[in-house]
Structure formats: C-alpha cells, structure tokens
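Asks: Here the protein sequences come in this chain order: H and S. Convert by adding 4 to the 1-based position in the first sequence; the result is the number in this note's numbering. Convert by adding 1 to the 1-based position in the second sequence; the result is the number in this note's numbering.
Just so you know, these hints were derived from the structure itself, not from any lab. Some hints could be false.
A few chain H residues facing chain S, derived, Cβ under 8 Å [claimed, not checked]:
#, residue
1, N22
2, C31
3, N40
4, R81
5, R84
6, I284
The list that follows gives simulated cross-link-like pairs (lysine-lysine, BS3-like), each with its CA atoms no further than 25 Å apart [what the hints assert, rightly or not]:
#, chain 1, residue 1, chain 2, residue 2
7, H, K34, S, K51
8, H, K85, S, K51
9, H, K218, S, K79
10, H, K94, S, K51
11, H, K110, S, K79
12, H, K85, H, K184
13, S, K79, H, K135
14, H, K135, H, K85
15, H, K135, S, K14
16, H, K413, H, K447
17, H, K108, S, K51
18, S, K14, H, K94
19, H, K301, S, K14
To list a few chain H residues with every Cβ distance to chain S over 12 Å, as calculated [said to hold, decoys possible]:
#, residue
20, P45
21, N58
22, K175
23, K242
24, A337
The structure presented is a predicted model; accordingly, all values stated were derived computationally and were not measured. Beta carbons: idealized from backbone N, C-alpha and C, even for Gly.
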Amino acid sequence: MNTDFEPVIGLEVHVQLNTKTKIFCGCSTKFGLLPNTSICPVCLGYPGVLPVMNEEVVRSAVKVCLMMDFMINTYSRMDRKNYFYPDLPKGYQISQFDNPIGVKGKLSIDTDEGKKEIGITRIHIEEDAGKLIHGDGVSYVDFNRTGVPLLEIVSEPDIRSSKEAYLYLKKLKQILEYTKISDCNMEEGSLRCDANVSIRPKGQAQFGTKTEIKNLNSFKFVQKALDYEIERQMNVLKEGGTISQETRLFDSGTGKTKTMRSKEEAHDYHYFPEPDLLPIMVSEGMIKEATFSLPEKPDDKCARFEKQYGLPAYDASVLTADPSTADYYEECAKFCSNYKMISNWMMGEWLRELNERSVSAVDSPVLAKDLAGLLNMIENGKISGKIAKEIFPEMVKTGKTAEQIVQEKGLTVISDTGAIETMIKEVLGKNEKSVQDYKNGKKGVLGFLIGQVMKASKGKADPKKVNELMEKILS
Amino acid sequence: MSDSKQIVNHVEKLALLEISPEEKDRFSEQIGKILKFVEKLNELDTTKIKPTSHILPVQNVTRRDSPVPSISRENVIKLAPEANNEFYIVPPVIQEFQEA
Ligand SMILES: [Zn+2]
Chain H
5 MNTDFEPVIG LEVHVQLNTK TKIFCGCSTK FGLLPNTSIC PVCLGYPGVL PVMNEEVVRS
65 AVKVCLMMDF MINTYSRMDR KNYFYPDLPK GYQISQFDNP IGVKGKLSID TDEGKKEIGI
125 TRIHIEEDAG KLIHGDGVSY VDFNRTGVPL LEIVSEPDIR SSKEAYLYLK KLKQILEYTK
185 ISDCNMEEGS LRCDANVSIR PKGQAQFGTK TEIKNLNSFK FVQKALDYEI ERQMNVLKEG
245 GTISQETRLF DSGTGKTKTM RSKEEAHDYH YFPEPDLLPI MVSEGMIKEA TFSLPEKPDD
305 KCARFEKQYG LPAYDASVLT ADPSTADYYE ECAKFCSNYK MISNWMMGEW LRELNERSVS
365 AVDSPVLAKD LAGLLNMIEN GKISGKIAKE IFPEMVKTGK TAEQIVQEKG LTVISDTGAI
425 ETMIKEVLGK NEKSVQDYKN GKKGVLGFLI GQVMKASKGK ADPKKVNELM EKILS
Chain S
2 MSDSKQIVNH VEKLALLEIS PEEKDRFSEQ IGKILKFVEK LNELDTTKIK PTSHILPVQN
62 VTRRDSPVPS ISRENVIKLA PEANNEFYIV PPVIQEFQEA
C-alpha cells in the first residue's frame with residue numbers, strides 16, 4: 005500500500021433477527037419454506053391492513069444496544085422510505101429515519117497495534133424486502149422474506165484498513181452471536197454487509213469522495229473488495245483523475261468492483277413518519293428487563309477465562325470466540341481440573357473434528373463430560389496421551405465413552421513395575437552400544453532408549469514409570 | 002421551467018410513471034395550487050410547537066411473537082398481473098454494469 009494515502013472505511017451491516025414471526029404480521033420467518041407460502045395481506049402491503057410491531061423485535065434491539073454501549077432513544081419511531089423495486093410490494097420500506105432506536109454505540113477490535121475503538125453511528129429497526137430470482141427474460145419474486153425483521157448497524161468512518169474492517173465484522177458477529185438474537189449465517193443472508201470507502205492524503209482531515217460497495221457475502225469478500233477498491237481509487241488519483249460518488253458491486257469471481265449504472269435522483273426516498281405504527285418509547289423497565297437477560301460480553305468472558313482457568317490470552321480468545329465453544333469448555337472444566345489440557349485438546353483434536361464436520365460446539369459429536377472423562381484418564385495415568393489421541397476419533401465415531409473403549413480394546417496403560425522392567429531389560433539387551441554410550445556420558449541416548457521401550461509396549465507403558473525405572477537400572 | 006412543472010417531472014421519474022404532456026400541464030397547475038395553500042400554512046408561527054406525527058398519547062402497541070397461519074399461495078398469487086404456480090413474475094431486473 006502506498007503510504008501517502010490512507011483509506012477511510014465505514015460499514016453498514018444488516019442483521020436478520022431470529023424471531024419466529026415477521027416484524028408486523030404473524031407470518032413465519034422460517035428459512036427455506038416453499039416460495040410465497042409465508043405471506044399475508046399485511047406483509048404484501050394490501051390496502052387497509054394494519055401492521056403491528058412484534059414485541060420481540062424491540063426487545064432484541066434493546067439488548068443489542070446494551071451490548072454495544074448505544075445511547076437508547078427513549079422516543080423512537082418508524083418511518084416510510086419510499087422507492088420502487090419489484091421486491092418491495094408496498095412501494096415503501098418501513099424503517100427508521102431520524103429517530104432510530106439507538107445512537108453512538110461502540111465496539112473495540114484487537115489490531116496489531118493494540119485495542120482500537122470503532123464508533124457506531126446508529127442502529128435502527130427495519131423490515132427486509134423479498135427475494136428476486138432472475139430467469140430467462142423475466143424475474144421471479146418470492147415474498148417470504150418480505151417483512152422479516154432486520155437491524156441495520158452503521159459504523160462511523162473510523163476504520164482505516166481492510167484488515168480492521170474484517171476485525172470489526174468478526175467482533176460484531178461475535179457480539180450478536182452472544183446476544184443470541186440472530187443466526188448470523190452469511191450463506192443464508194442473515195448477516196449482510198455494505199462498505200463505504202474513500203481515500204485521502206495522510207494527515208488531511210477532510211474525507212475524500214466515497215464509493216459504496218454492495219454484494220459482500222462473506223467477511224473475506226469484504227476484505228478483498230476493499231483491497232481492490234482502495235487500490236483502484238489510489239490509481240485514479242495518481243493519474244490525476246477524480247473519484248465519482250457511486251455504488252459499486254463486488255464480483256467475487258474476478259475479485260473486482262464494478263460500477264452499478266446509477267439512476268439519477270435515485271436517492272430521494274421522501275421519508276415520512278409511518279402513520280400506521282405508534283412510537284416506541286423504551287422505558288427504564290424495558291431496559292432493566294433486557295439487562296437481566298444479557299449474556300456476559302465476549303471480552304469479559306475472555307478476560308475471565310484467563311484469570312479463572314489460568315489460560316494464556318491466545319487460548320482464552322479462541323475458546324470464547326463463540327458462545328457455544330465457551331460453554332463447552334466450561335462444561336469440561338466442571339469435570340476435569342487440568343484446564344490447560346482441556347484447552348489444548350479443544351483447540352487441537354476437538355476443533356479439527358468439528359471443522360471436518362462443519363458443525364458448531366452445540367453439535368459436538370463428543371459430549372463435554374466425555375471429553376473430560378478421556379482427559380481424566382490421561383491425568384490419572386490410566387492411558388498415555390498417545391493412546392488418548394487414538395481413542396478420541398473412536399469416541400467421535402461411536403459415541404462411546406473413553407472408559408468403554410479402553411476396556412473393550414484393552415488399552416489400559418501398563419504401569420506394573422515388573423512388566424516394565426522386563427521390557428526395559430529386553431531393550432537394553434538389544435542396544436548394548438547405546439547403553440555403553442550412556443555410561444560414557446552421552447546422556448542424550450536416554451530418550452532413544454525410552455522411545456524403544458514405548459514402542460515395544462505399543463505405547464501402552466506409563467512413560468513416567470519407564471523414565472523412572474530406566475534411570476534406576478542404568479545407574 | 003416552473004417549480005411545479007419540475008416537481009411533476011421529478012415525481013414521474015421517482016414513481017416510474019409515464020405522464021402525457023397534457024396531463025403534465027394539468028398536474029402542474031394543481032400542484033401549484035397545493036403549494037400555494039401550504040405556503041399559506043407556513044405563515045403560522047410553529048417555532049414553539051413540537052413536530053407531531055401522532056396526536057393520541059398511545060405508544061408501544063406490540064404483538065406477541067407467535068406465528069399465525071399465512072394465506073394460501075394459490076389464492077393470493079392469482080391476483081397478480083402475472084405469476085406461475087410458485088412465483089410472481091415481473092419484468093427482468095438485471096444489475097447493469099459498466100466496466101470501469
Ligand atoms: Zn405476513
């Protein structure tokens with residue numbers, strides 16, 4: 005990146021709430037229903053219908069406000085945003101304009117230079133539009149998604165690189181997942197992102213002309229699209245050109261952004277207060293109620309994991325990345341007191357199994373208490389770590405406990421002194437030269453000899469005991 | 002061009018309408034009258050009055066988040082100007098690009 009310029013980035017994120025019904029009617033919000041089967045006169049905008057606000061939408065919005073330190077407006081109101089598009093049956097979207105539910109929120113991200121706070125301008129409640137499917141010479145409309153509740157979260161232009169944008173989105177998603185108000189599933193469109201980006205000479209206070217990038221379906225795409233767009237704007241400026249304010253679409257196939265042919269006068273929405281809906285007055289009582297049901301914030305949980313379980317910062321951040329992984333860890337920790345070993349196993353074998361199956365911790369094929377059981381067997385010297393690594397995939401496959409598998413396969417550690425001594429003597433007999441080396445002061449061969457014993461026992465000998473006895477016999 | 006004529010042209014575009022020149026003349030005259038009336042209202046000093054969007058002291062009218070059956074697709078979709086068994090059909094909507 006050219007150091008003479010710095011990018012200025014703001015992100016707009018749409019989050020689909022996981023309510024059972026739509027925002028203003030009782031139609032189901034279930035994903036994947038047959039097209040146009042979750043519709044009614046209200047969400048289709050027939051004349052004479054009366055939309056009524058879903059109480060859960062307000063509750064969810066207040067919770068998110070509290071999780072991100074928003075100032076909650078005690079008076080907020082729904083407005084009509086007027087425009088024509090075939091996915092919008094009413095000819096207007098019910099949204100919030102000058103009285104959004106919350107303003108001035110913030111969240112902090114961990115950059116290479118330390119913690120950085122990103123301001124959030126506003127958060128407002130609105131309804132989703134339908135879905136267009138493009139066919140041969142016509143377009144098809146599915147109105148199932150029409151009226152599904154959304155929160156739009158608009159950041160301040162505080163973001164200075166594509167990496168920071170990525171970190172902001174990751175953090176935002178983490179908080180929303182903790183709050184449990186959305187599925188946050190980008191593939192199903194329950195989390196969507198648009199980016200505003202401009203560049204300016206370093207040290208200049210004034211912003212450059214910005215472009216808006218749409219069609220960003222994954223966090224990786226956001227980062228790629230921003231990288232491309234920053235580079236493009238820099239080249240335009242270097243060649244003496246000017247940036248035109250426009251909307252651009254990201255093409256994930258080429259990794260480029262392209263101009264969307266913009267209609268002049270497109271942004272004239274004639275906002276006005278929605279006459280069919282009454283104001284939302286968030287009371288002290290509502291805030292109190294929401295506060296009671298708030299989860300521990302991800303940053304707080306991460307700090308607590310470090311302290312309570314004595315984990316390194318890295319472990320704590322991986323284990324608290326999403327709430328179900330954190331819950332799983334704490335469940336394990338109830339049964340096994342070697343907290344670092346739980347962490348190692350979860351970040352290693354366990355996470356690998358989950359990723360292979362692309363499931364989250366809630367659907368872990370091994371119960372937390374059973375993973376703890378396996379680790380306790382290592383702790384108590386019943387099995388070696390190596391054997392445990394063989395047992396774990398069996399647990400995943402069969403759903404059996406470690407205890408069961410060990411018994412069935414006779415995998416218990418050999419810790420019988422006599423048996424181990426016999427094995428050691430056998431190994432020493434076969435490796436007289438190494439024994440001689442050891443006696444001549446080459447202590448390094450000890451590791452080799454112990455390895456040989458472990459191999460002879462097929463990994464079943466208790467390594468601590470082998471170590472102990474070997475040194476005794478050799479001395 | 003007069004103010005009201007400009008408004009008619011603007012709304013024509015926004016609302017995706019096609020208005021004939023005769024209609025435009027008629028609408029501009031009507032809108033002109035409406036604007037004059039609003040100007041009359043503007044004479045009233047409202048600096049001390051809070052903007053009002055609802056006159057009744059009622060707020061927070063909400064409903065429970067419990068699903069109710071939707072209506073049958075066959076019955077609604079047949080009201081559309083064009084549809085098949087599953088979807089409403091509209092003129093093609095394609096995102097147009099310019100290579101740049
Ligand atoms: Zn409905």
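Asks: Hints first: check each against the structure and report whether it holds.
Replies: Now the hints, each set against the structure:
Contact between N22(H) and chain S, as hinted, is not supported at the beta carbon level, the nearest pair being about 10 Å apart and thus beyond 8 Å. Taken as an interface hint, C31(H) checks out: its beta carbon lies about 5 Å from the nearest beta carbon of chain S, inside 8 Å. With 8 Å as the threshold, the beta carbon of N40(H) comes within range of chain S, its nearest partner Cβ sitting at about 5 Å, so the hint holds. Against a cut-off of 8 Å between C-beta atoms, the interface hint on R81(H) holds, since the closest Cβ of chain S lies about 7 Å away.
With its C-beta approaching chain S no nearer than about 11 Å, R84(H) sits outside the 8 Å limit, and its interface hint is violated. Against a cut-off of 8 Å between C-beta atoms, the interface hint on I284(H) holds, since the closest Cβ of chain S lies about 6 Å away. Of the supplied pair hints, the one linking K34(H) and K51(S) is violated, its CA atoms being roughly 41 Å apart against a limit of 25 Å. Taking the CA atoms of K85(H) and K51(S), the gap is near 22 Å; set against the 25 Å cutoff, the hint holds.
Annotation: proposed proximity of K218(H) to K79(S) is violated, straight-line Cα distance about 34 Å (limit 25 Å). Taking the CA atoms of K94(H) and K51(S), the gap is about 29 Å. The hint is violated against a cut of 25 Å. Taking the CA atoms of K110(H) and K79(S), the gap is about 48 Å. The hint is violated against a cut of 25 Å. Only pairs whose Cα atoms come within 25 Å are accepted, and K85(H) paired with K184(H) is rejected, the gap being roughly 28 Å.
About 19 Å separates the Cα atoms of K79(S) and K135(H), which keeps this hinted pair within 25 Å; it holds. For the suggested pair K135(H) and K85(H), the alpha carbons sit about 18 Å apart, so the restraint of at most 25 Å is met. Proposed proximity of K135(H) and K14(S) is supported: the alpha carbons are some 24 Å apart, at most 25 Å. For the proposed pair K413(H) and K447(H), the alpha carbon gap of about 36 Å is over 25 Å, so the pair is violated.
The straight-line distance between the Cα atoms of K108(H) and K51(S) is roughly 24 Å, inside the 25 Å bound, and the hint therefore holds. At most 25 Å may separate the alpha-carbon atoms for a hinted pair to count; K14(S) and K94(H) meet this at roughly 18 Å. Proposed proximity of K301(H) and K14(S) is contradicted: the alpha carbons are some 48 Å apart, above 25 Å. Distance check for P45(H) against chain S: the nearest CB is about 7 Å away, which does not clear 12 Å, and the non-interface claim fails.
At the 12 Å boundary, the C-beta of N58(H) falls inside the reach of chain S, the nearest C-beta of that chain being 5 Å off. For K175(H), the non-interface assignment is confirmed: its Cβ lies about 28 Å from the closest Cβ of chain S, beyond the 12 Å cut-off. Annotated as non-interface, K242(H) keeps its C-beta farther than 12 Å from every C-beta of chain S; the closest such distance is 16 Å. A cut-off of 12 Å between C-beta atoms confirms that A337(H) is not in contact with chain S; the least separation is 35 Å.
Hints 1, 5, 7, 9, 10, 11, 12, 16, 19, 20, 21, counting from the list given before, are not met by this structure.
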